[in-house]
Each structure stands twice: as C-alpha cells, then as structure tokens.
Amino acid sequence: MGYRPAMPGMFAVPEALVDEHLKLARELDLKVLLWILRKGEVGGLEALAHWLGRPEGDLVDAAQFWIDKGLVTVDSGQLTVDSAEAKAAVQPAALPVPVVAVPAPDELPPIRPTATQVLTRTQEDAALRRLFREADKLLGRTIGYEGQCTLLMLHDTYGLPSEVIFMLLTHCAKLEKTNISYIMKAGAAWAEREIDTIEKAGEWIAYLENSSSLWNQLCRHAGKDIPKGKAREKYLLRWSGELGFGMDMICLAYDEMADSCSKIEFAYIDKVLEGWHAAGVKTPAGAAAAKEQFRAKQATPAPQKPGRESAPQHRPSFDLAAYERSTLQVPVFEE
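Residue numbers (this note's numbering): 21 to 355.
Quick caveat, the hints were computed from the structure, so don't treat them as lab data.
There may be inaccurate statements among the hints.
[To be verified] Computed cross-link-like contacts, BS3-like style, restricted to lysine-lysine with a CA-CA straight-line distance of at most 25 Å:
hint	residue 1	residue 2
1	Lys254	Lys283
2	Lys194	Lys283
3	Lys244	Lys254
4	Lys194	Lys157
5	Lys220	Lys194
6	Lys283	Lys244
7	Lys89	Lys51
8	Lys248	Lys205
9	Lys317	Lys302
10	Lys220	Lys250
11	Lys248	Lys317
12	Lys197	Lys283
The structure presented is a predicted model; accordingly, all values stated were derived computationally and were not measured.
Turn these sequences into a full structure, and let the hints guide you.
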C-alpha cells in the first residue's frame, strides 16, 4: 500500500525536503515531489507532464533527483513513497489532542420540546391531553406552552408517568406553590428519587407532609420561624420515627436546649432525646421524674469509710446540661 495522508484534505511533506534538500532542489523537482506525495502509489508522471506542459523526460529527471535522495522509489514503473525510509520521512508528527471538557450526561441541560413537538405529542397521547386539562384546573390558570412544555419534559425526558405528574401537581397546589419553575424542580427531584409509581408518590407525599407538620409545630412552640435545613429535617424525622417521640417530648427537649444554649442547637436536642430513649422515658412526667431522681442522687453525700475522718469538701454546683452533653452520642447529619 502506498502512503496515504492521515488527515482529510491534507498530505504530509518530508522534513528532509526542507532540512536537507531545499537548497539544491529545482522548482520542477519540488513540483514532481509534491505530485508524488499527493498521488501516492498512482504516481505516474504522464498526467503531470501533460498538465505542466513539460516533456515527460524532464519530469523523469526530477523524479530521479528524489530517488537518489531516498525519498522516492520505483516499483513496476510507478513512482511511490512506499519504502520504509520514505514513509518514515513523510510520516506526519502526532498532533496534540486537545482536551475538551465534556459534561457528564446528567449535567447536560434537557432539550426543551418545540411547540410543534408539544402539539404532536398531545395528539398522540390521550393521557397527556387529560393531564394538560387537569393542570389548568389544579393551578387555576391556563398553563400554555410553557407549562405544557414543562409537563412534557417531566413525562418524556425525566420518565414520570402522567398519573405521577398529576399527584405532583396536586401536592404543589396544596402547598400553594404553582410556579412552573418550582414544579419543574420538584418533578426533577422526584425523578432522581425514582418516584415513578402512584404508590411511591403517595409515600413520598406523606413523608413530606409529615415533615412539614412537625416543623410547623416546633416553630409554633418556639414562637418563631426556625430556619430549616436538610440536616435539621433529618433530626426531626428521626426523633418522631426512629426514636418514636411525640411532639410533646420533642418540644420539651427543645426547652431543655433553650435553657442551656444561646442559639438553636439541634445536636443538643438530639442528645436529650437520645438519653431519654435509652432510659425508657416516653412522657413529660417521666422526664421530670428522671430529672428529679438524678438530682437527688447527686445531692446525696457518698458514705465515708470507717476509721477515716472526712475532710470538709466543697461541692461544686452540678450542671445537668453539661452532663447530658458529655454522656450522649450525637449522630451528625450533613447539610
């Protein structure tokens, strides 16, 4: 096989042409070599002689110049660059491959359907038509292209079934959060959690409503809006779920924290509740009795050993909150 250029529309020229032979090469010599390099193994000179209007013998002399230099060889009357030396000479240097940052598939923005595509999909899918009609009713307005485009993306791009999207819209309407961008963000989060069935959607909505109810009750007890975060929500749901405390006990633990801390410390509340859970305390009355029992135990002097006179001791005041902070484990939730 003859030499073939590595890149479309281009062919390589031996470095030796410039480094060693440019000074001695004639114009016709250069033209012949370029022709041979371009044509490769079909390097006959008849066509070139006709094209240049020069005698073929002149071109043969020019070719011989490069044969003598080792850049061209003759095989069955054909001039080629097929020898090892010639191919090494004309092999192009490896070009550096540019490093292009390609975003991961999940980082690519979803492609919004056009108005024509929305219309086509609506005509194809009766469930989508019903969803669009119900969305107008739930949101209290005509959602138009922007809303239809969002719902179609949640369906076709994110893979949420129509009935799940309907439950999403119902939940958003109940929260009075009917902005299209909010619905899109919430729907994408559902898709990420693979909430793709009616059962999963029902469980997730119940979880969200429970979390919201607990948070509102805690804020009412505190008498102020407590900034919410993912870690704080996890604490609250752990207390009510894993530890099994009602809001009366959670609020009581909040009061214990407020008496000892200058700012809201959910980790401190968690220590108190964890201690109560370990001691089997489940009611406010039980918590009060446990605290009195602990204080009474600390106030009782330790018995002295016979034959030894006890020196007067100064009993430091005991900080119950400090004790609770030092003896209980704290699960740490990242924000």
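Hint-by-hint comparison with the structure:
1. Lys254 to Lys283: With a Cα-Cα distance of about 19 Å, the restraint between Lys254 and Lys283 holds, given a limit of 25 Å.
2. Lys194 to Lys283: violated (33 Å)
3. Lys244 to Lys254: holds (20 Å)
4. Lys194 to Lys157: holds (13 Å)
5. Lys220 to Lys194: Given that 25 Å is the threshold and the Cα spacing comes to 18 Å, the pair holds.
6. Lys283 to Lys244: Roughly 13 Å separates the two Cα atoms, so the pair holds.
7. Lys89 to Lys51: holds (16 Å)
8. Lys248 to Lys205: Between Lys248 and Lys205 the Cα gap is close to 18 Å, so the pair holds against 25 Å.
9. Lys317 to Lys302: holds (21 Å)
10. Lys220 to Lys250: Given that 25 Å is the threshold and the Cα spacing comes to 21 Å, the pair holds.
11. Lys248 to Lys317: Judged against 25 Å, a Cα distance of about 39 Å means the pair is violated.
12. Lys197 to Lys283: violated (31 Å)
In the structure shown, a violation is registered for the earlier hints numbered 2, 11, 12, in ascending order.
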